[in-house]
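Given chain L's structure and the hints, the job is docking chain S with the ligands onto it.
Residue numbers (our numbering), protein chains in the order written: chain L, 192 to 480; chain S, 205 to 512.
Keep in mind that a hint or two might mislead.
What the hints assert, rightly or not - Simulated DEER-style distance windows between Cβ atoms:
hint, chain 1, residue 1, chain 2, residue 2, range
1, L, Ala211, S, Asn431, 28 to 36 Å
2, S, Pro471, L, Pro284, 54 to 62 Å
3, S, His268, L, Ser370, 23 to 31 Å
4, S, Arg352, L, Pro284, 21 to 29 Å
Hints are computed from structural coordinates only; laboratory data are not their basis. All values derive from a computational prediction rather than experimental measurement. Even glycine gets a Cβ: it sits at the ideal position worked out from N, Cα and C.
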Amino acid sequence: MRFHFRKRNTIMSKSLKRGALALIGPVLILLIWFVMADVIDNKLILPAPDKVFKHFITPLANIIGLGALTKNILVSLFRVFFGYLIAIIIAVPLGILMGYSRTANELGNSVISIFRPVPPIAWQPLVLAWFGVTSAATLMGLTRGDAYVYLNNFKISMTFIIFLGAFFPIVTSSIHAVSSIPKTWIESARVLGANEWDIFRKILLPGAAPTIINGMRTGLGSAWTCLVSAEMLPGSLSGVGYLITHAYEIARVDVVITGMISIGMIGAFLDFAFRFLESRKFKWQHQIK
Amino acid sequence: MKQQLSSTNTQYSLKAASLPEEIKPVYTLTNAIMHESNPIQEKGLISIQGVDKIFVSERGHRVHALSNTWIEVAEKDFICIVGPSGCGKSTLLRIVAGLEQASSGQVLFQEQVQNKPHPQIGMVFQQYSLLPWRTVEENIILGLEIDRSSAHKKKETAERYLELINMKQFRHSYPFELSGGMQQRVAIARALANDPQVLLMDEPFGALDAHTRILMQRELLRIWEKNIKTVLFVTHSVDEAIYLADRILVMSARPGQVKEIIDVDMPRPRTRSNPRYGQLSEHILDMLEFDNISQSDTNNEYFSEVHA
Ligand SMILES: Nc1ncnc2c1ncn2[C@@H]1O[C@H](COP(=O)(O)OP(=O)(O)O)[C@@H](O)[C@H]1O
Ligand SMILES: [Mg+2]
Chain L
192 MRFHFRKRNT IMSKSLKRGA LALIGPVLIL LIWFVMADVI DNKLILPAPD
242 KVFKHFITPL ANIIGLGALT KNILVSLFRV FFGYLIAIII AVPLGILMGY
292 SRTANELGNS VISIFRPVPP IAWQPLVLAW FGVTSAATLM GLTRGDAYVY
342 LNNFKISMTF IIFLGAFFPI VTSSIHAVSS IPKTWIESAR VLGANEWDIF
392 RKILLPGAAP TIINGMRTGL GSAWTCLVSA EMLPGSLSGV GYLITHAYEI
442 ARVDVVITGM ISIGMIGAFL DFAFRFLESR KFKWQHQIK
Chain S
205 MKQQLSSTNT QYSLKAASLP EEIKPVYTLT NAIMHESNPI QEKGLISIQG
255 VDKIFVSERG HRVHALSNTW IEVAEKDFIC IVGPSGCGKS TLLRIVAGLE
305 QASSGQVLFQ EQVQNKPHPQ IGMVFQQYSL LPWRTVEENI ILGLEIDRSS
355 AHKKKETAER YLELINMKQF RHSYPFELSG GMQQRVAIAR ALANDPQVLL
405 MDEPFGALDA HTRILMQREL LRIWEKNIKT VLFVTHSVDE AIYLADRILV
455 MSARPGQVKE IIDVDMPRPR TRSNPRYGQL SEHILDMLEF DNISQSDTNN
505 EYFSEVHA
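Same shape as in the complex, but just chain L (with noise of 0.2 Å):
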């Protein structure tokens, strides 16, 4: 019993120096900052920490006349999880087929090896082209109300523009992930009468699944940072990326520090969900050679 408390504490102390270690940088920039913001004085160039964090302390004020905060934190949450949740349904099964189907390899490769370099921003042009101002309310005919108002906020284009950075991380580690299965996984599973979706259920699925993870978890911090090119198009109202530039339109850079702090913030923290969820669920994947 002894022992078991003392092996908690040593635990407990090592993930507070590693804690501990983790917040150094922060503080330091922090510091910096401080430091610079008085010496240069201009808010026009670098506020001071304390005019940005005031936004954080109220964040139900309104700023810059573009509602609260947290509104505007959720609206983009939601532009960016519908954006890349049309990713993974796509880019999953699309992955984990050309990872296991060498025609579907040859057929796919081809085209998303000619479309991954291509940065998502530069589809704007063509997605407005295409798209316009249609959003999740036009859509559903909708013309007034509050339920206008609220689905005017999910542009087609913005969606694409989300999606686009999502897709490619999840669909080529879908692909890698399956293509690098060993063969003698799926043998032993035939050997044992498995058809294909069997081999498809209990070896290609969990057996690809830490990768796939993982590049959902690139994925998500990728679509988040298209979230800032996919909210300036034109027809954006609100979102944390449309905080930022219109911010930087009537030169409130506390505005802007503000936005980008919240955007690494959340982006930070939904990355350390996923690789929570991938240490406990995927430990196997750590300790094969």
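Using the frame of chain L, we list chain S with the ligands on its own:
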């Protein structure tokens, strides 16, 4: 049976002088060629009939892996296949398993053409065949899960085979937590849990250290004696073959062909100190060495392994 005793294999006549007379192959290649098939071997549970395998690589490069191979495997036979590496042993096993198709000739199992995995034919691979995200127990019942067996049957079977391989206390362990030898025990249990009539084993102990290997051979025989199956066991090690097999099938270098089939006429459990052990070993090694020389293959792996 008399005729092949009288017909001497001219290729080995030089060696034969120094060999104890009593090693009488039940089959030799020259005999088979003389009789255009294999009248010597009796029809068995598995009938490998004139199997040829030619691999064609993507660039059109052809590898003739197996050539005109005839083998009859009787029920409950423990057969070991030895031969130089690359002579098509794995290919042969994979064709029997239905994982690979013969280019010509055919394999019959229970008098049916065998061209896809059969529930009555199980296989154990050399290594890393366990699913790393499944516990020992979950790995063992993989076949039952694929068969959609009842939860009760899965539980019961897992219990039985965990017991058989002496690994009850490891039921919830993951493969990466086990030694190589334990992993192979689980792989054997997984194959047996489907209760196949035939067990194919492709160098299942090839990746183990010498000591573990000997323990595993003993373990395998113990399991086999409790649960007698027809076994086709590929090995690199002549020593291992003599320890395990009822009959040893010696294959020639590529394109692989059955060169000789030898009965291991020693009672079980076998001891390596039995003089017969040495005689058989010498005979087989000579045969393989002849191949090695003719292939100008410099590393004599069989020899070093036996004396390791
Ligand atoms: N899928 C394959 N494609 C091309 N050549 C192969 C393939 N599998 C095996 N071979 C070739 O066939 C020969 C026999 O291989 P194998 O049966 O693995 O030999 P062994 O198990 O006796 O060492 C080798 O030369 C090998 O390179
Ligand atoms: Mg082999």
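Going down the list of hints, with the structure as the test:
1. L:Ala211 <-> S:Asn431: 28 to 36 Å: Distance hint for Ala211 (chain L), Asn431 (chain S) is violated at roughly 58 Å.
2. S:Pro471 <-> L:Pro284: 54 to 62 Å: This hint holds: roughly 59 Å between Cβ atoms.
3. S:His268 <-> L:Ser370: 23 to 31 Å: About 29 Å separates the Cβ atoms of His268 (chain S) and Ser370 (chain L), which means 23 to 31 Å holds.
4. S:Arg352 <-> L:Pro284: 21 to 29 Å: For Pro284 (chain L) against Arg352 (chain S), whose Cβ atoms are near 24 Å apart, the range 21 to 29 Å holds.
In the structure shown, a violation is registered for the earlier hint numbered 1 alone.
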